[in-house]
Amino acid sequence: MFEAPIQRLIDELSRLPGIGQKSAQRLAFHLLTVEEVDARRLAEAIVAMREQVRLCQRCFNVTDSAECSICRDLRRDSSLVCVVERAQDIVVVEKTGEFRGRYHVLGGAISPIEGIGPEQLRMRELVARTAAEGVKEVIVATNPTVEGDTTALYIARILKPLGVRVSRLASGLPVGGDLDYADEITLGRALSGRRDL
Amino acid sequence: MAPVPWHIVALRNDQGIVLRGFPFGEADRVVVLLSPNSGKVRAVAKGVRKTKSRFGGRLEPFTHVDLVVYEGRNLGTITQVSVIEAFPAVRADLDRVLAAGTMVEVADAITHEGEPALRAFLLLQRGLKALDAAPRHPDLVAAFLLKAAAVVGVAPAFDHCAGCGRREDLTRFSFAGGGVLCENDRIPGAIVLRPGLTGYLAGIASADLAALPASDPAFSGEAMGVTRRFIEYHLERRLASLTVDG
Ligand SMILES: [Zn+2]
Ligand SMILES: [Zn+2]
Chain A
1 MFEAPIQRLI
11 DELSRLPGIG
21 QKSAQRLAFH
31 LLTVEEVDAR
41 RLAEAIVAMR
51 EQVRLCQRCF
61 NVTDSAECSI
71 CRDLRRDSSL
81 VCVVERAQDI
91 VVVEKTGEFR
101 GRYHVLGGAI
111 SPIEGIGPEQ
121 LRMRELVART
131 AAEGVKEVIV
141 ATNPTVEGDT
151 TALYIARILK
161 PLGVRVSRLA
171 SGLPVGGDLD
181 YADEITLGRA
191 LSGRRDL
Chain B
1 MAPVPWHIVA
11 LRNDQGIVLR
21 GFPFGEADRV
31 VVLLSPNSGK
41 VRAVAKGVRK
51 TKSRFGGRLE
61 PFTHVDLVVY
71 EGRNLGTITQ
81 VSVIEAFPAV
91 RADLDRVLAA
101 GTMVEVADAI
111 THEGEPALRA
121 FLLLQRGLKA
131 LDAAPRHPDL
141 VAAFLLKAAA
151 VVGVAPAFDH
161 CAGCGRREDL
171 TRFSFAGGGV
181 LCENDRIPGA
191 IVLRPGLTGY
201 LAGIASADLA
211 ALPASDPAFS
221 GEAMGVTRRF
231 IEYHLERRLA
241 SLTVDG
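Note that the protein sequences, when read in sequence, are chains A and B.
Quick note on numbering: the first sequence equals residues 1 to 197 in the working numbering.
Quick note on numbering: the second sequence equals residues 1 to 246 in the working numbering.
You can trust all of the hints, since none of them are fake.
Pairs of lysine to aspartate or glutamate residues, derived as EDC-like cross-links and limited to a Cα-Cα distance of at most 16 angstroms, are as follows:
(1) Lys-40/B with Glu-115/B
(2) Lys-50/B with Asp-89/A
(3) Lys-160/A with Asp-93/B
In case anyone wonders, no lab produced these hints; they're calculated from the structure.
Hey, can you work out the whole structure from these sequences and the hints?
This is the structure in C-alpha cells:
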C-alpha cells in the first residue's frame, strides 16, 4: 500500500503487542517527520538493548552483566526469595520498597488448562537455588489468576518438604486502589494478606 | 453465524462457566464460556487486565457466572457479570485445580459455538461441584471423561460386547470398536484388559460424580490410562491438560 521501506516498518511495528495497523502507520509517518538523528537513536537503542541485555544467571532477571544488580547487592537477604512470572513484575514489587530479599523469574505460569507444565518454567532452577543459597522463605507473587494460583500451589508442594516456608503475596489490589471497583473475590484475597501455603 | 446488522444491537442475558480466556488488545480479554443455552460463547471483557477492573476475578476459568452481553457485529462485549458459583476450594488445591483443568479442556473440546450444550454444561457443573465439595477422588477425572464420552454419543460398552452384545468372554477392549469385545469380534488393535478392570470401569462410568465407589489403587491408574486413550481417540486429539497431572 505504501512505498516499500515505509510498508516494511509498518509491518514490523504492527507485530508489537497492542499496536494495530492504524497505530503502526501513525508511528511510521511520525518517524518520517523527526530529525534523522532521533530516528537513528531509536533504532540503535533497540539494537543495543538486544545485544547487551541478557538473563541473570542466578534469578533470570534482565541484566547487562552475569548477575543482575539485585543479586549483586550483598545487603539483600538471600534467605528470602520472591517468585514472579516475568522480569517486569520485579519492578512492581521493588516499587513498594518493602522487600529486601531476592527474586526468581519463572518465565510464565503453570496452566492447568493449556497444559503448560512446571518443566516449561524455571522451576528446577528454583529448587536448586533454595538448596544452594540457603533459602528459608519463598514468597510467591504470581498473578491472581488460576494459572498464578496453580503455580503457587505447585511451588508449595515441592518446597515445603524441603523445609522452606512458602507464602503467597496478597495481590489484586494495588496500594491506593479503588475499593469500589474491586470485586468480592479479589477483595477477599487481598484482605487475607500474605498467607502461608 | 451471520453478522448482526448494526442497527439491531441487543443486550442479551446468559449464564455459563468460564472455560478460558486470552489477552486481546492492550487491556482486554476474550473470555470463552460454556452456556447451557448457547453452547460455547466468546465475548470481550474490556479492561479486565487492569487491576482496578470491575470484573476482577469473576471471569477467571471455572467460575459459573451470570452475564449481560452487548451483541456487536462480531464479538459481543460483556457489560455485567455476577458470580453464581465460584468453586473456591478448587483453586486452593493443586490436585483439584489440575483435575478442573482437564474437565474444562474436555468440555471445551466436545462443544461448539451457537449449539445448545445443556448436557455438557451440567456435566462440567457437576464435576466442579464434586471437586469443590471434597478432596479429589482418584477416579473422578476418569469418571468425568467416561461421562463426556456419553455426552457425545460414544460411551464405551463395558457389560456387553460392542460387536454382538453377548455378555460372556469379554476379553478385549477397543478404542475404535466402542468398548469391550468378545474373542469372536476382536479387531486389530483391541487390547487385553486385566481381569476386573472392565467391571471397575463400568462402576465408575455409571456412578454419580459426587458419590463414586471407593477407589482401588490396583485399578485406578490403569482405569485413567484406558479412559484417557479412549477419549483422545474419539476427540482425535491429545489432552494437553493432563501433561501436568500426576
Ligand atoms: Zn539476579
Ligand atoms: Zn461379540
